[in-house]
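Asker: Work out the full structure, taking the sequences as your base and the hints as a guide.
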Amino acid sequence: MRVLTLLTSACLIAAPCPGAQEGDGPTHIGTPAGTLGGHARPTDVAFSEDGRLFVVDAASHSLSVHSPEEDGSLAPRARPLISTMANEPIRLSGIAAIGSVGHVWCDAEGHNVRGDPASPDGILATRGSGLDGVYAPEGVAVDAAGQRVAVADTGNRRVLVIDVEAGRSATLVIADPRFVRPIDVGFLPPSAALPEGGLAVLDADTSRVELYDFTGTWRGGFGDWGYFPGLFAAPQGLTTWRDEIYVADTDNHRVQVFAPKVGEKLEYELKYAWGAHAIRPGDGDGLMHYPTDVAVAPDGSFAAVCEPLDGRVQLFRRAPGKEPPEDPLRVGIGQASAHYGRVADIDGQFMALAEPESRRVKLYDLRLADPAEIGITGGHGERLGMLMRPSGLALDSAARELLVSDAALRRLARVRLDIDPAQELRYDYARETWVEAIEFALLGPNVLEPDTRIIEPLEVDRTPDGGAVLVDGANGRVLSLGPDLLPKRVLLGPQHGAVTPVDVAVTPDGAYVWVADAGGGALFRVALAPPTDGSVPAVLRVALGAASAVSGETRPAARPMNLTVAPDGRVFVSDVLTHSIRVITTEAGEPREALALGAGTRGPVTGSRDEMWLTRRGLEPLWFCEPADLGFDTRGRLLVIDHGNHRGVILDAEGNVALGFGSRLYIEALDPRRRR
Amino acid sequence: MVRHVITLALLAVVALGCGQRKDQTSTQKGGTANGGTANGGTAQGSTAGATRGTPLRATSNAGSFTAEVTPLRAAIPMNEHFAVELALFRADGTTPYEPERVTLDARMEEHEHGMLREVELERIGPGRWRANGLLFHMVGVWQFQIDVRAGARIERAQMDFLLE
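Just so you know, the sequences run in chain order A and B.
Numbered according to the working numbering, the first sequence spans residues 3 to 678.
Numbered according to the working numbering, the second sequence spans residues 59 to 222.
By construction, these hints were calculated from the structure, which means they are not laboratory data.
Be aware that a few hints might be false.
Okay, the calculated beta carbon distance ranges per label pair [to be verified]:
{"no.": "1", "chain 1": "A", "residue 1": "Gly350", "chain 2": "B", "residue 2": "Glu138", "range": "39 to 49 Å"}
{"no.": "2", "chain 1": "B", "residue 1": "Ala120", "chain 2": "A", "residue 2": "Pro179", "range": "26 to 36 Å"}
{"no.": "3", "chain 1": "B", "residue 1": "Glu180", "chain 2": "A", "residue 2": "Pro179", "range": "19 to 29 Å"}
{"no.": "4", "chain 1": "B", "residue 1": "Gly121", "chain 2": "A", "residue 2": "Ala168", "range": "53 to 63 Å"}
{"no.": "5", "chain 1": "A", "residue 1": "Asp535", "chain 2": "B", "residue 2": "Glu176", "range": "51 to 61 Å"}
{"no.": "6", "chain 1": "A", "residue 1": "Pro179", "chain 2": "B", "residue 2": "Met136", "range": "52 to 62 Å"}
{"no.": "7", "chain 1": "B", "residue 1": "Ala208", "chain 2": "A", "residue 2": "Pro179", "range": "14 to 24 Å"}
{"no.": "8", "chain 1": "B", "residue 1": "Arg188", "chain 2": "A", "residue 2": "Ile281", "range": "27 to 37 Å"}
{"no.": "9", "chain 1": "A", "residue 1": "Ala590", "chain 2": "B", "residue 2": "Ala208", "range": "23 to 33 Å"}
From chain A, some residues computed to sit far from chain B (all C-beta separations above 12 Å) [to be verified]:
{"no.": "10", "residue": "Arg54"}
{"no.": "11", "residue": "Glu325"}
{"no.": "12", "residue": "Ser360"}
{"no.": "13", "residue": "Thr379"}
{"no.": "14", "residue": "Gly381"}
{"no.": "15", "residue": "Arg385"}
{"no.": "16", "residue": "Val417"}
{"no.": "17", "residue": "Ile440"}
{"no.": "18", "residue": "Pro606"}
Think of the CB as a built atom: it goes at the ideal place given N, C-alpha and C, for glycine as much as any other residue.
Answerer: Shown next, in the form of structure tokens:
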């Protein structure tokens, strides 16, 4: 087993903390109590009844545990539990602990749920949509008796409850039309309003918590999208402790705690919240940065919050008072800042960029050294022209058109742009006109192939015939769309070995489309033209990082998330595992990895796979943190959205960093002249 | 989703203070409305005592239908409910068009908010609906947005109206 050796800080649970119901007055959780380091990209946490803290690491595909020490604090060094199994292309996505017995976890990329107390093979559910099937499960919970497992079956937009002793078939399926992206789940104890107990389900796209009894009947809910207290922004983690519901409110950089109102009606109200956005890169001590999950210790004395972008798990202990004291610096500020999302497209002199926090798409003119914002469109909502989860952009400057895909609404829209490279540089609120959209939900399932789910549109790119290529996230495939934006052909899918295709880029000559397969750690090159002789289209797979893999390592050595094709045919790939831009050449028709830009160098990626995510991220020139979309402008400059660093980076033709744009604190490291 | 719309509209109004963007240059956007795009607080061409305003007409943004919005009073008021008649025609501009679904809304794109109201459509004839419950709560450029669904496709027609 590989062990993460980069232990950065110790756990400092200062003293035994009182439980919630002890003492003379109300108490709350929220006082910083230390940081657990040594995790590369912790995404999910859970406590067992004996006080062990389980941590899922999405970078190393590992599961580790911090055990309590004699003084009641958690061991600072995590003990790895599972990592060798990760030789399969998996992405551990959720964890739940069962008393002192064991744990259950879900694997969003391998499409299964497994754990200790399950059947002999450890499998509770596998890929499918039946009673024993899941697709891209993101969250899991176990009831207090360790008898029932609830699964947020995200890809199937439903929740399953599995009785561990009864076998693998779900005893309850909740497929509520309210669900858009059910991402986590928790058990609620019996109460006057819920005599048998119930379930709380967190939906990341509707930003709501829905409540159910064990007949599957909806009994209420709370939340909405926004910043104000009680609202959420893309929340990703939920846990229950006694009758309280804790929500990791990811894009609001906080944890909110809800408690039931007294009475027979099931109603929850906000009790308190803690956390605020970090100001400087890496700020901790209670400041949060995209928390994705929260867990509460069995005695309620403290909580653990994981923040994957900062590679840490922060601990917060209980303190007197009904809520944390208000930070005077934050009063009235509202949301700290808007961040560049992962989705962008660059074409000619213009760039379109999605801003997830506002559900908007911004348009930039690139004629100057710094990108100049010239328009904005979108906003949170369901009507045409509004967005819930912008998931793909395809900008065609010559045609003055933008395609915008929205995974939550399952919609691909065409937007007409009033842009002209020779036009006077100015901002115009009326620059975008929403023309039309395809609603994939109205096409239903089984489009082009049997046994497929409703298309979930992700990244998209234009083809020379006026059509497009589109990643279908719900089925792990890439589709060819006609000029009417309706699906015409399957270009790539699981039958070709693709695991999790996430981005597409059409070559300048229009002959091929390159596909980034995040789960498989590879690229695919697919011919766009259908074979005239009826043969199977040629699909070429290019593994990334194979040469740098540690001996015996079979896990993917890269996680390509975005890609673009340079005018000269080279393929530039954003790899979020190694925080680098990997460059593929196609000389003599044979694609091979030529170099990688990142970690301050232009050379091959080296080092232990499990350490890459932690050691290769940074702020200085040629350092990135989870680089995202990228593209070339008219002048041949490479623009990279350096997502984890809240900035964009512009590189010249030689790969030198020419400029950064975005949050000042994150770009001054690139250019000292910008320091104040 | 009413909740979403109202919450967001309130957020937009409160948080943004309804501040106008810089560099605004035009009230025109998208479709080709006739009658000078009705850029007057009272629908142009109306006469004293008239019960209907001047129709606003626009070809849809992809060109497959034509929409016509006629205020059911001479002048669209500020901060009062009003109704309009919506008529849809096929691309020839004369044949009534009844799609699978149609919605009408109005927004201030410049200010990034809507009306804080849900509009109800009542069918009154072939390709004709009465839209009830509109309310413009401030002066400025409002945009009528008519979304039509045919199969899996939604297409928009839009027309601007300056409320003075």
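Asker: Need the list of violated hint numbers for this structure, in ascending order.
Answerer: Violated hints (numbers, rising): 6, 8, 9, 12, 13, 14, 15, 16 and 17; every other hint is consistent with the structure.
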